[in-house]
Amino acid sequence: MAKSRQTGTRGSKAAPSARRSSGATVANADRATTQSLEASAPLHEGGGEAGKVEMQAVPPPVVATAFGQANLPSPHSQLPAGAAITGADFGQSSGFYAELSPARGELRVDVDGPQPLQRLSGVISEGIADRLHWVANVEPVDPQHTQWRGAIWYRNGTTALLPHSTVDLTLRTVDGEREAEVTFSGAVTPRTRLYRRKSTYFHPVEFEFDAVEGVTPILSYATHSHPNRPAGLPSEMLSIETVYRRSGFDVTVGTPGVVPAAGAGANSTWSNTEMHDAMRTYWSRFAGIAQWALWVFFAPMHDDGTSLGGIMFDDIGPQHRQGTAIFANSFVSQAPANEQAKAAWVNRMLFWCAIHEMGHSFNLAHSWQKSLGQSWIPLADEENVRSFMNYPYNVPGGQTAFFSDFAYRFSEQELLFMRHAPERFVEQGNASWFDNHAFRQAETSPEPKLRLEVRVNRNNATFEFLEPCTVEVKLTNISDGPLLVGERVLSDTDHMVVIVKRDGDAAKRWQPFAQYCWKESNAVLDAGSSRYDSLFVGAGSGGWLLAEPGWYTIQLALKLDDEELVSNRLRVRVTPPQGYDEAYWAQNFFNEDVGSAMAFDGSRVLDEANTVMQEIADRFPDRAVARHALVALRRPQLRRGKIMSMPTALQVPLESAAQAGAYLSLAKSDMDGAVKGMSDALLKQPAAAAETLGHIDYKSYCDRLSWGLAREGENKEASKVQAVMLKTLESRQVAPKVLAEIKEKKAEYDAA
Amino acid sequence: MVQDSKAEVSLAFHLTRGFAGQTVIVRINGKEAARSADTRTDMRTDLARILACKVAAAPTLAEVEVPEAAAKVEVTIEPAQIEFIVVTLDGRELRIKPVTKSDYAREPRGYL
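Sequence order for the protein chains is A and B. With our numbering applied, the first sequence covers 1 to 752. With our numbering applied, the second sequence covers 1 to 112.
For the record, the hints were derived by calculation from the structure and aren't laboratory data.
Where chain B lies over chain A, by a calculated footprint (3+ residues, C-beta under 8 angstroms):
{"hint": "1", "segment": "296–309"}
{"hint": "2", "segment": "324–334"}
{"hint": "3", "segment": "350–357"}
{"hint": "4", "segment": "365–371"}
{"hint": "5", "segment": "389–401"}
No experiment lies behind these values; they were computed from the predicted model shown. Even for Gly, the Cβ is constructed at its ideal location relative to N, Cα and C.
So here's chain A without its partners, still in its complex pose (with noise of 0.2 angstroms):
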């Protein structure tokens, strides 16, 4: 903690308040296009995949009516029934396309093929983890259709990547592939990016049917077998994952099995938790992460009886949405009294329900159900239109009129959340950006030279509530020879990424409290040899990210000129509190000065920071918020500090602080109080202290109070504290290199 705080705070202690107020804009600039937003996802939920969601000219709303009379976007929303879903499942145009190397970027292009939506969607990558999210409306420009225009009306993420308003497709074949050139205009320089088609569909999924003993699935449906249908619909024998390929998926199916009906327990029926145990047990896709992968099962009878047709079951763990099922002894096996298609119709209700389970698990809400919650762009109820997602019987007219015009497809706005909301709204398990996802960006190299790690110093990565997290940063040289990396590497944050998640929320990332410029230097780092620094991951400009107690994942990403490096996954606890008081107290603490206070080691005009802190240090002086705490306080105390004043109250925008009446004074300083808190805090249990400060502020913080008390002529006391650390460090085997350093300042200060 201490390296990152001090570099470039000593001796201006009005640093941290300039810095917040100054900072404000830019620091929640960064928040914005950063932060990850979306926890486990229920239903549609929206968010932000980094963080921001743009709205520029909502498009034109897609109206809930039965199918045929719909005011969609699309004109082919308008051909009778089954017309749009004719022919082959893919377009000669239409699917997914990667930007030509080395550009990562993606795009979809939605023209041509079953249900055309007439959209462009894309990815815009750059550097570890900057990423925009666009949609497009385009027309066609030319009656070949080969050029489309339109506006971009969706952003998420780093908008900045993204100036442009404007959008102009070119398709053309070159060596037999498609490619796609788009420039993007408008406002700004014009940009051109070039893509080449990888597949014909938008997104690639695995489905696998699983079923218990006895009960068979229907996975397809002849279309013309029941006599209530849409006069044009084609007729044809409908597989589920023909459904879903005229959606834009690249289907597969995995192998079916047969779950044996123990699995259901004594009553025979299954519950949610029996089901997803099955998942585990069974699903041979199975591995607790986010991917394009889903689990069908068809089972009797769900504990709650006959009135549940299916149910998207997968709500428990990390990972949603990946196992869906559908009972064959339900309400949808019963035909109704009169109907005369019997067979038919519990076929059809079989299917449907499947199709309509399955789309859950696409995170696509009930029709009726499309302006609850938080969606990804406005969305507006359908409570009439002839989906998979409605259902049959809530419709006027009831299930038979509901199939007289079911064309056997999603909705207009279902299917462009399915093709072109960020993947992973969409993509099965996938809870956040940062599960699986986070930096998957990085151009990580096959044969790295370099190896970055995320540690802490001691045997459990277990905190106390309140307790401030610092990490350990350590790179290290595992190539064969030296290499030159940057002095301040592992110091200089503007090209790191460090992501906290809390298991169950969303991840976030955090944001340093100050920038630095830097001259850049290299230094030479021996084959073998490593490089460390601390980083204090508890609180950033954007809040305290290890406030709450749970278990949290911290990982980090470093760019360098000419490779990405990711570091482990650190696997972090913070306990409950120990009572009320510090439940209570957590109020206090967890706020933006404290906070920033932490972070630069103190201060001496965050007066209310102070306070709280001292509270701290004196109700709790055995837990190690306490040291931290103590730390904060009396450090500044070791050396007079300047403080800028402001005469009135600050005018913003401020333009000359000189003008302003802003003048510069020196605070006192208070040798006493700060050499007896700091020994405090740093001497009486000094393993303690090291573990909870880390090795590396620890080191920082006694040579600090060495300095001190050497400038006040207490070179023995100043060697005191050398050598109750040399001790401490020694048995807490820290690296020869660094011990060789305290015996020479030791030997110093005795010399002295």
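Chain A is fixed; fit chain B onto it per the hints.
Here is chain B on its own, set in the frame of chain A:
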């Protein structure tokens, strides 16, 4: 078929849309028969909870109350003819809709 007025039949109340943590009280002929605390609609199925109670096979006054919404509705039914009763909450407006066995036979329905 003549139903024995002393016989008991099962009556199910399907608490469906619009619930977000409320308490739902079901009274049969003025007497509390079932109560559901922290009732929440599961958006995956559009169903919050099914409350079942035994009632006499005779004309019955069924009353549903959601105290937090200051809402109460009642309906007189012939339980033997009822498949289930759908209860929805739209803001402060509580609705109950009996689905008769003949309705259900014409149009089976449920949740998914």
